Structures are given as structure tokens and as C-alpha cells.
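Trainee: One letter stands for each residue in the lines below.
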Amino acid sequence: MDAIKLLLADDDQLLASLLDFRLKKAGYNVKVCTDGKSVKKYLETERPDIIVSDIMMPYFSGLEITDYVRNELKLSVPIIILSSAGNEENVLSAFKLGANDFLSKPVSPAELLLRLQKELARI
Amino acid sequence: MDSGFFNIILEYINIVFFVFTAVLFTLFTIMGYLSTKGSLHYKNKNSFGDLSKVMASPLAPSLTIVAPAFNEGMTIVENIRSLLSLKYVNYEVMVVNDGSKDDTLQKMIDAYDLVKIDQPIDPNWKSKPIRGIYKSTQQSFSKLTVIDKENGGKSDALNTGMQLSENQFIGCIDVDCLLLPDALLHVVKSFYQRSEKRVIAVGGVIRVANSCVINGGALEEIRLPKNWLARFQLLEYTRSFLLGRMAFGRMDSLLIISGAFGFFDREIALACGGYDTHTVGEDMEIVFRMRRYMVEHKLPHTIEYIPDALCWTEVPESRKILVNQRDRWSRGNFETLYKHRDMFFNPKYGRLGMISYPYWFFYEWLAPLLEFFGFFSIILFYFLGILNLPFFLAITTMIYMYSIMFSFYAILWEVYSYNEYKNVKDILILMGCALIEPFVFHPIVVFAAVRGNYKKLFKIKSGWGTITRKGFAKTT
Amino acid sequence: MISAPKIHTDILWDLSAFFVILAVLYFVAIFFFRSKFLKKSADTNRRKNVLAPLVSEFLFYQEEEGSKEEKKSYIQKKVEIRELIKDPINEMVLTEILLDLKKDVSGDTRKQLFKLYKDLNLELRAFEKLKSWKWQKISQAMFELTQMQVAESYDFISGFINDKRSVIRKQAEISSVTLDKDGLSYFLDTTTYQISEWQQLKILEVLSNYDDFEAPRFYRWLTSKNKHVVLFALRLIKHYDQNDSRGSIVTLIRHKNNSIKLEAINCIKQFYIVEAKPTLKAAFWRNKANVKLAILDTLAEFGDKEEILFLLDVANKESNFTVKSKALSAINSIQPEYIIPTEDIELFDEDAEEPPLNFNTPTELTADKENLPEEIQEVSEDTLPQVDIIDRMYAAMVEFVPKEIPINEQLVDQEISGVELEQLLQEKATLGCIADLPFEEEIDAAINDTDDEISVFSEEEQYEVCNSTKELSASYQSIFKSLFEKSDDDCKLLLLDEMLTLADEKDLPFLNSLTNYPNPIIKDKVAFIKKGLHERLEKPEPAEGIEDSVLEVLNEISENSYIDESQMIDDVIKKESICALKPRVAKSLKSMELCFLEDDIGANSLDLFDINFQIDATTDEFRSSVRSTETALTTEHEQALTKEEHGFFQKFLDFPTTLTDKLNG
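From first to last, the protein sequence lines are chains A, B and C. If you count by UniProt numbering, then the first sequence holds residues 1 to 123, one letter each, in order. If you count by UniProt numbering, then the second sequence holds residues 1 to 476, one letter each, in order. If you count by UniProt numbering, then the third sequence holds residues 1 to 665, one letter each, in order.
Keep in mind the hints are simulated off the structure, nothing from the lab. Be aware that one or more of the hints could be misleading.
[As the list claims (entries may be wrong)] Computed list of lysine-lysine pairs in BS3-like fashion (alpha-carbon distance at most 27 Å, straight line):
#, chain 1, residue 1, chain 2, residue 2
1, C, K39, C, K134
2, C, K134, B, K37
3, B, K43, C, K227
4, B, K43, C, K68
5, B, K226, B, K422
6, B, K45, C, K72
[Said to hold, decoys possible] Partial chain B-side listing against chain C, Cβ under 8 Å, derived:
#, residue
7, V16
8, F18
9, F20
As the structure is a prediction and not an experimental result, all values here were calculated from the model. Idealized CB from N, CA, C, for every residue including glycine.
Just need the whole structure built from these sequences, with the hints factored in.
Mentor: Right, here's the structure in full:
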């Protein structure tokens with residue numbers, strides 16, 4: 001079986017590289033994007049199995065990405081949103097747009113792995 | 001003998017001119033020094049620490065942002081949205097529709113589902129009558145209050161908001177300003193970080209937003225204005241905020257807070273009567289009055305200045321509007337200085353009376369007039385054949401060089417503290433502006449100042465120099 | 001001959017040259033700084049790219065899981081990173097990475113992060129920085145140690161709590177509180193400096209991050225010599241709900257410092273420290289507006305009827321509008337019935353602005369009613385703002401009269417001291433324009449409030465009060481009228497339905513005025529209701545037993561003794577004595593006389609004046625409707641009162657207008 005293709009979008013390079021490391025270690029095939037533009041570009045050609053996206057990103061926010069995936073690409077790929085604490089409104093709109101789950105920052109990598117497994121088990 | 005006497009007078013004029021210039025240079029140099037110190041101190045002090053964690057604290061004070069709107073139908077909805085998305089919990093946005101003649105009110109009602117509510121109004125309050133107070137029916141816009149009132153000018157609108165607000169601090173801003181999400185956190189911090197003195201007002205830097213990319217109420221990309229007039233103003237704002245205000249803030253003798261971004265302790269502002277509706281320089285006048293109030297009641301106080309770039313605004317891009325704006329500023333300046341003339345070199349007011357007020361009097365009000373009349377007398381002298389040409393050339397060159405040097409210093413600080421314009425080309429353009437400014441931009445400003453004073457002195461009525469908003473450039 | 005000192009142009013040229021040099025210097029500096037910043041950030045990025053993967057490696061390394069190979073490479077990498085951080089810049093960058101990551105990760109990874117920080121001996125460098133003489137370095141080091149939760153640094157850092165450099169001091173405070181659970185106590189014990197509001201915010205934020213914070217008992221610090229500590233302690237007491245220092249908090253109302261006062265009052269409000277009421281009231285007048293507002297807020301929260309007198313006094317004497325209206329709203333929240341006068345008065349003014357419906361329909365309106373709007377209009381044009389307030393005052397004052405008797409004398413659960421009773425009686429007497437009241441000399445000196453309040457009314461005014469009561473009943477407007485005008489057609493129909501059960505004779509003129517109503521449905525309904533109402537009103541009221549007959553006797557007595565002033569009212573009473581609501585209203589109006597009778601009749605017959613027994617006379621529908629609308633009220637007594645006062649108030653609505661009209665000539 002091929003490794004699960006995971007798209008990780010976060011503008012914080014440091015956190016992205018840390019999560020990238022952990023996820024790769026867990027056997028995922030990770031693609032890291034650090035802004036909304038590159039996410040869209042990647043999605044033009046590739047179809048990840050799961051998307052993990054931060055909300056606050058340059059060019060396109062995580063919400064816009066969610067909207068793009070669900071309404072333009074019409075994909076049902078699971079989306080997990082990362083958001084900083086105290087941003088409940090955004091999380092709410094993310095769910096409305098079709099996000100499957102959310103994690104608030106600071107992120108626990110172990111928790112992220114668990115949620116990923118849960119989402120993947122669902123499909 | 002006559003001509004000898006005349007020559008002496010001429011020479012004395014030269015000396016007076018020279019001394020004036022020398023004092024000016026000294027002052028500006030001191031300002032440069034102080035602002036440098038201030039900026040460095042600020043940078044060191046605030047380089048770490050996360051503000052946003054504090055915003056939900058139960059001790060966080062309540063704030064009201066009062067934004068007067070007059071014929072803003074084109075941009076009002078977008079602007080309010082950006083005001084509602086600031087990073088803070090305990091705040092309220094009060095938009096005062098100052099009897100707009102366009103569809104400002106209707107647009108707000110439609111966009112935010114506003115309904116009229118009942119709220120008692122102090123019958124003794126002197127503002128223009130209120131037609132109605134509106135609140136949104138949607139929970140997500142609960143921070144918004146819209147007040148519809150008869151037209152009474154900006155000060156009147158701000159007074160109404162100040163009166164109706166019940167919060168501890170009130171922010172008076174131009175509704176078309178773009179505030180960065182962190183703005184209120186910085187403001188609250190500035191109000192709260194002192195304990196030995198009461199912070200009665202907080203002001204901040206105004207940055208030029210022309211040609212910047214603004215998307216969904218957020219600043220996405222900072223660009224140098226494409227319009228030359230705006231570029232000159234950018235340079236001017238950099239000088240005046242980064243060097244001027246910073247220095248005065250450091251000396252604790254700020255006498256002006258920009259009307260586009262000013263926060264006040266509501267209690268003090270109301271105690272001294274709010275904004276003066278009889279002047280066009282209300283933003284300057286209220287600070288004068290609040291400071292005088294505190295000094296006269298012997299209350300230790302201060303005004304804080306935030307050097308972070310929190311407020312972005314569009315500056316006029318047409319010469320006519322610019323002249324109108326500056327004309328109004330100089331009138332306001334004159335009115336305020338005249339109203340508070342007993343502060344002039346009055347030791348009772350400490351540094352305010354001995355430094356700030358004279359600075360405003362000599363260099364903000366008098367200098368443009370001197371320049372204007374100096375220019376014509378020089379032409380006159382030249383034709384009369386009594387111009388001391390070598391002296392004239394020397395001093396003109398010196399002043400020119402000084403102005404360039406000072407502008408360069410401002411640009412240096414701009415780079416040092418923000419470094420927002422990434423291209424080398426942008427910096428070079430700004431420097432080019434500094435080089436040609438004395439010939440191109442400065443005369444316009446001087447002309448506007450003279451016109452303003454002329455109008456004021458000869459009581460010519462004139463309307464408000466309103467800025468026709470182009471609306472921020474939007475991307476998809 | 002005098003000559004001016006010469007200015008050598010050479011100097012000017014030299015200066016120009018100097019400025020040019022400076023300008024060039026700045027020009028260079030601009031590009032120097034630019035490239036330096038860019039280089040620096042590029043360099044840092046490069047180093048970060050090297051160090052970050054290593055950090056990730058360490059953070060996710062699990063000893064048990066790793067194979068031999070992995071262990072080997074782990075050790076190798078550890079050596080590598082130690083080698084790297086010998087370079088101070090690398091060490092700085094690494095620290096930066098760790099600080100950054102700390103913000104972003106939680107859980108086990110965060111713990112690993114702290115471990116790594118110590119493993120690499122990064123804290124030693126921070127400790128060294130603490131010894132620096134530069135304030136920014138010291139505070140940076142403290143920040144770093146705190147973020148990395150190096151508990152050992154607590155002893156060092158807490159030593160800076162009284163440092164004279166404010167940045168260091170503030171960071172030390174935050175760090176001490178963060179690093180050790182006893183840090184807060186130590187800080188509050190030792191600090192001799194101010195604690196700025198911002199600092200308090202931040203410390204509270206730190207405390208809220210503790211999972212298992214056991215707050216010390218903060219009353220310990222209420223006696224601190226540092227007033228900032230006292231203030232902060234109060235806030236903490238409030239925040240942590242420590243209800244164990246009521247006495248000290250009440251005393252702090254008398255503190256010189258305004259903020260402490262305000263905070264103490266807030267605590268009193270939160271903890272319902274009812275025993276603070278006398279202190280609050282005593283402190284009220286010597287304070288500034290914002291403290292006054294806080295006191296009124298608190299009284300509104302848990303005050304009871306005893307406070308109404310004080311609040312009325314405030315509403316009367318206070319010059320500040322906000323405080324004034326706060327006092328009125330406080331009265332309202334103590335006794336919701338008080339809302340009625342203000343609201344109705346406002347509606348009334350609106351009536352004046354736009355003539356109400358029934359004036360457009362030419363029907364059998366009484367002359368009084370037709371005159372009324374004009375009077376109001378006059379008032380509202382020139383003296384409305386003041387009149388509005390005066391109206392409320394009077395309405396509230398007068399309303400006070402009938403209410404207090406039944407409440408104080410009948411309610412079993414309420415104890416009333418003799419002094420208070422006297423006070424009340426005196427108040428009524430004054431209103432009843434009896435100048436030579438025997439009580440007047442006996443007023444207890446301690447009750448200043450009552451005294452002041454009474455003095456507000458001049459004798460002349462008192463006379464006016466009496467006279468104008470005559471007009472009241474004449475110009476009475478149905479309470480349904482104002483409601484009717486405000487509602488849409490559906491509501492109007494519902495309202496009419498209600499009128500069938502609730503309305504009485506006074507409302508008939510209003511119904512009459514509606515007989516020509518444009519909407520046919522409403523018109524029919526009006527006719528129906530009118531008929532029904534007539535039928536209902538004609539039914540005689542069942543006898544109410546002994547108490548009622550005593551009342552009638554009393555009424556007769558009072559009528560005889562009071563005939564001059566209240567001829568009109570008495571007429572009304574006689575006419576409407578069969579109606580359930582009528583006698584009550586009449587009695588309320590004449591309650592001044594009843595006061596006099598109280599002395600003669602004696603204590604045990606006082607309960608005869610209770611309005612409450614009258615409620616039994618009303619229909620069941622009435623009672624149930626009262627219950628449903630006034631759910632907020634707990635006792636039946638109060639419910640009855642509320643409804644009763646509706647009718648009563650309607651009369652008094654007209655009273656201020658007529659009064660001011662008279663005063664205006």
C-alpha cells in the first residue's frame with residue numbers, strides 16, 4: 001500500500017518542519033506548503049488523501065482553501081483545521097465550509113496523529 | 001546716512017533669519033536624537049511578549065471606537081467589517097452617521113440588519129439631536145452600534161459617541177482608516193502600563209496606505225504609493241511621526257494626537273467638555289484642553305505614543321484636495337494656538353508651555369508665513385538691488401542641505417524600525433522625493449498654510465476639505 | 001555708528017558641506033542597515049534550516065522504540081549539535097527556535113522541549129545573561145528562563161522584584177509568578193513598587209494558565225502598605241471568589257484611593273455584602289461620579305425598600321445626569337413597579353408630538369381630554385428636558401405614598417422600626433399639604449435623607465400638589481389608550497379582549513372614542529367589548545366582610561374631613577364604589593388622611609388600610625393575569641400592588657403636566 005498523501009499548510013515554517021518530521025516518521029507522505037497560493041497550485045495537479053491547514057496564511061486563508069476544495073474542486077478529502085486559541089468564530093465558519101475537524105494551537109503532535117487516524121479510519 | 005541705517009536693518013534681518021534657522025536646526029537635531037533614543041528603547045522593551053493572550057482577561061478594560069461617517073456610502077460596510085474584526089474582546093464600535101446626504105445609513109442597515117433601539121439621552125448634552133440609535137439583530141455584530149444624528153460636523157459626531165459610550169476608553173478614528181488587528185491591544189497596553197501617572201490619551205503613527213493591497217479589511221501587501229503627491233506625503237508623515245511625535249512623546253510634551261487614530265480616557269475627555277465644535281482643528285484642541293485640565297487640577301498625567309504601525313490611511317492624491325486639507329489644518333492650528341495663547345512661555349505648564357507650545361507657534365504656524373513673505377521680499381530685494389546675494393545663496397543652500405539630511409535621517413529610521421518597502425528602488429524613490437521636495441511639494445504646503453491663515457484672519461467661510469475616497473485597491 | 005555683527009557666509013557654506021556629508025552618511029547607513037538586516041535574516045534562516053531538523057529529531061526521539069542504529073545516530077547528532085552551539089550565534093538561533101516552538105506545541109512534545117533546553121545547557125547562558133548590566137539582556141534572559149520553565153531560576157529571578165529598572169522589575173514579577181506557585185505570595189509580600197494595570201492583567205493571565213492553581217487567601221494583602229497591592233488583592237479576591245473578608249472590604253470603601261474604592265464596591269456587589277449598605281450610603285456624597293455610579297449599581301443589585309428613600313434623595317439632589325438616571329434605574333430594579341411612571345411619561349410625550357388616533361375621530365370625547373394634548377405640547381416645547389425629570393421625581397415621590405403603608409404594615413416578613421414608620425408618615429403628611437404636622441419636630445436627626453427630601457417641596461408646591469389632585473381624576477386617561485396606540489391591529493384586538501376583564505368605568509370614554517374606528521373588525525370588537533364591559537360593571541361587587549365595612553366607615557370619615565380638597569375624587573368614589581378597582585385608587589389618593597387616622601385607630605387596626613385585602617374583591621381572571629405578567633415578583637402582596645398602581649399611576653401621569661402648566665401660569 002502506498003503511503004498516505006498528506007498536505008500540510010502552515011505559514012509558520014518552524015512548526016511546519018517539525019510536524020513534517022513527525023508525520024514522515026509516522027509514515028505519511030507529506031507535502032508542506034507555507035502559503036495559500038502554493039496550496040492551490042499543488043491542488044491543481046495533486047490529490048492528497050488528507051489536508052491539514054492553518055487558518056492564518058498569506059494570500060489565501062485556510063477558510064478559503066477549504067472553500068476552494070469543497071466548492072470548486074468538489075473534493076471530499078478530509079480537512080483538519082489548525083487555529084490559534086480565541087478564534088472560535090473562524091473555527092465555526094471553517095466547519096460551515098466543510099472542514100472535518102480542528103485543532104487549536106499550540107498543537108500537540110501526538111494529538112494531531114490521533115485525529116488523522118480517526119479521520120482516515122472514517123473513510 | 002539713510003542708506004547706512006537701512007543697511008543695518010537689512011543686516012539685522014539677515015541675523016534674525018540666521019538665528020531662526022539656527023534654532024530650528026538645533027531643535028530638529030535634538031528631536032532626531034530624542035526620537036532615536038525613544039525608538040531604540042521601545043524596540044528593546046517590546047521585542048518579546050505576546051499581547052494577544054491578555055485580551056480576554058477579566059481585567060481588560062472596555063473600549064469604544066467612535067467612527068464618524070459623513071457620506072461614506074461607498075466604503076462604509078467594508079470599513080465597519082474591518083473595525084469589527086480587531087483582536088480584542090471587550091470593545092464596541094460606534095459609527096456616528098453625521099447626517100449623511102447619501103445612502104450611508106441605509107447601507108449599514110442593510111448590511112448589518114440594524115434595528116432602532118430605545119436609549120435615554122442626556123437632555124443637557126449639547127450635541128446635535130439624535131435621530132435614532134441602531135443595533136444589529138445578529139449576534140455576530142453585537143459589537144456594533146450605529147447612531148444617526150443631524151449633521152453637526154466631525155467634532156459633534158465624536159462628542160455624541162463619547163457621550164453615549166459607557167466604556168472606560170474611547171477611540172476616535174476616521175472610519176476609512178484601516179486598523180491592524182493588534183491595534184487595540186497596543187492601545188490598552190499603553191493606557192495600562194503606567195501606574196505613577198494617569199494616561200489620558202494614546203496616539204499612534206499614521207501610515208500611508210495608498211497603493212497598498214488591502215483584502216477583506218486586512219493589509220496584505222505594503223507598497224510604495226504610485227502617485228507622486230502621496231509619495232511626498234509619505235515622506236512627510238515619516239518625518240513627522242517617526243521623528244517629530246516620537247521625540248515629543250519621549251519628552252512627554254505631545255500636544256497633538258492625530259484625529260485618525262486617537263484614544264482618550266473618557267472620564268477626562270468628558271470632564272473638559274469633549275471636542276470643541278467651533279474649530280476645524282478639534283483633534284489638536286482637545287489634547288491641549290485635556291492637558292491643561294490635568295495641569296490645572298495638578299494631576300500627574302501623560303500622553304502615550306505608540307510607534308508601531310497600527311493605523312493606515314489613504315492620503316489625498318489630488319492637489320486641490322491636499323491644499324484644502326492643509327488649509328484646514330493650518331486654520332485649526334491657528335485657532336487652537338489662539339485659544340490657548342496663555343500657555344505661551346507659561347512656566348505653569350512646564351515643558352508644554354516652554355517647549356511644545358512655542359514649537360507649534362514658531363515652526364508649525366509662523367514658519368510657513370515667514371517663508372512665504374520671505375520669498376517675495378527676496379524677489380523684491382533682488383530687483384531693488386539690495387539683496388545680499390552671497391549670504392542669500394549660502395543660507396539657502398544650507399537650509400536645503402539640512403532638509404535633505406533630515407529627510408534621509410527619517411528614511412533611515414523608517415528602514416530601521418519598519419523596513420517595509422522591500423525594493424531598493426522604493427527607497428531610492430523616497431530619497432528622490434526628499435531631494436525635490438523643497439521645490440515641488442513644499443511650496444504647495446506653504447501656499448495652503450498661507451491661504452488657511454488668510455481665510456481665518458479675514459473670516460472667510462469655507463467648507464470642509466473632504467477627501468474623495470477612491471476605495472482601497474482590492475484583489476480577489 | 002552701530003553696525004550689525006557680520007555673519008560670515010563661509011560658515012554657512014561649511015555647514016552646508018557638513019550637512020551634505022551627513023546626508024551621504026545616512027544614505028550609506030540606510031543601505032548598510034538594509035543589507036545588514038537582510039543578511040542577518042538570511043543567515044538566521046540558514047542556521048535555522050540546519051538546526052530545526054535536529055531539534056525535531058530530538059523532540060520525537062523515543063529511547064525505548066529506537067533500534068540500535070537510531071540510537072547511534074541520535075548520539076551522533078547530539079554531539080553534532082553541541083559542536084554547533086559552541087558558536088554563540090548558533091546558540092542564540094537555537095534558543096530562538098525553542099522559544100518559537102514552545103508557543104506552537106503542547107503536550108508531550110512541549111515537555112521534551114524543556115528537557116532539550118536543559119540538556120543542551122542553554123540555561124547556563126541565560127543565567128550568565130542575568131548578571132549583565134544591560135536591562136534588555138537581563139529581562140530577555142528572565143523571559144527565556146520563564147518560557148522554558150527552568151524552576152531553578154526562581155530564586156535568582158525573584159530577587160529582581162524590587163529592581164529599580166522598571167522593565168526588569170516587571171519581567172521579574174511575571175517570571176516569579178509563572179515559575180513557582182508561591183511566587184504570587186512572595187511577590188505581593190515583597191513588592192514596594194506600583195503594579196500597573198497591564199501588569200495585573202498579565203499576572204492574572206499567568207495564573208489562569210496554571211492547571212491546578214490553589215489561590216492563597218488574598219485578604220492577607222488587604223492590609224498591605226502598598227496601595228497597589230491592596231488594589232490587586234481586591235481584584236484577585238473578586239476573581240477567585242474568596243468570600244472571607246467582608247469586614248475588610250467594607251472598610252476599604254473609605255480608602256482614599258478611588259480605584260480601591262471602586263474595586264471594593266465591586267466586591268461588595270459580587271459577594272452581596274448586604275451589611276455594607278449603611279457605609280455605602282454614608283460614603284456616597286463625598287465621592288466622584290464614577291464611584292457614585294458604582295454605589296448605585298450595587299444598591300440596585302441587592303438594595304431593598306429601605307434604599308428607595310435614599311435613591312430618591314439622590315435622584316433629587318444629584319446634578320450629574322448619569323448619576324441621576326442611574327439612581328432612578330436603581331429604584332426600578334429594586335422595585336420594578338417604579339418603571340411604570342418613567343415609561344408612561346415618555347409615551348405621553350410622544351403622544352403630544354403626534355396626536356393620538358381618537359382625536360381624529362369626532363366622538364363623544366370629554367372636554368378634558370381634548371384640552372389635554374395642547375397642554376402637553378406646550379410643556380414639551382419649551383421645558384421638556386427639565387420637566388421630564390421633575391415629572392419622574394414627582395411621580396416617584398407621590399407614588400411612594402400609597403405604596404408604603406400596605407407594604408410596611410401588612411407584610412409579615414418585613415420588620416419596620418418605629419423611626420422608619422414615622423419617617424414615612426411624615427413624608428405623606430408633607431405631601432398632603434399639612435404644614436403644622438406634629439411629627440415635624442420629632443424627626444430623628446439621624447434621618448437626614450428624609451429631611452432633605454421633604455425640604456425639596458416648598459409649601460407653595462405642596463399646595464399645588466393638593467390642588468392638582470383634583471384635575472387628576474378629571475383628566476384621567478385610560479391606560480389602554482397608550483398601549484392601543486402603540487400596537488398593530490392584531491394586538492389591538494387582543495388588547496380589547498383584555499379590556500373586557502380588566503377595564504373599568506374610566507376606560508369607557510376611551511372605548512367610546514373608538515366606536516368610529518376606521519378598521520371595521522376593530523370597530524365591531526369595540527362595540528362588543530363595550531357592551532360586555534357595561535354588563536360587567538353593572539354587576540354589584542360581593543361584600544367583603546368586616547374589613548371592608550370598616551374601610552367604608554373610614555372612607556366616610558376621611559371624606560368628611562377632606563371634602564374641600566378632594567371633592568372631585570370623592571365624586572368619583574361615590575359613583576364607582578361598586579367597582580373593584582375604584583375604592584383602591586381613591587384610597588390611595590387620600591392616603592394622607594389615613595395617616596392621621598392611624599394614630600387614633602391604633603396599631604391593631606392598621607392592617608385595615610392594607611390594599612392587599614382588596615385583591616380578594618377582584619375577579620379570578622384578574623388575579624391570574626396579574627400572576628402571569630408579574631412573574632418576577634414573589635409575593636402576592638406585591639403582585640396586587642403592582643396591578644393596582646397601574647391604575648393609580650395613570651392618574652399621576654397627568655399630574656406633572658397640570659402642575660407645570662399651573663406653574664407656568
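Trainee: Please write out, lowest number first, the hints stated earlier that are contradicted by the structure.
Mentor: 3, 4, 6, 7 and 9
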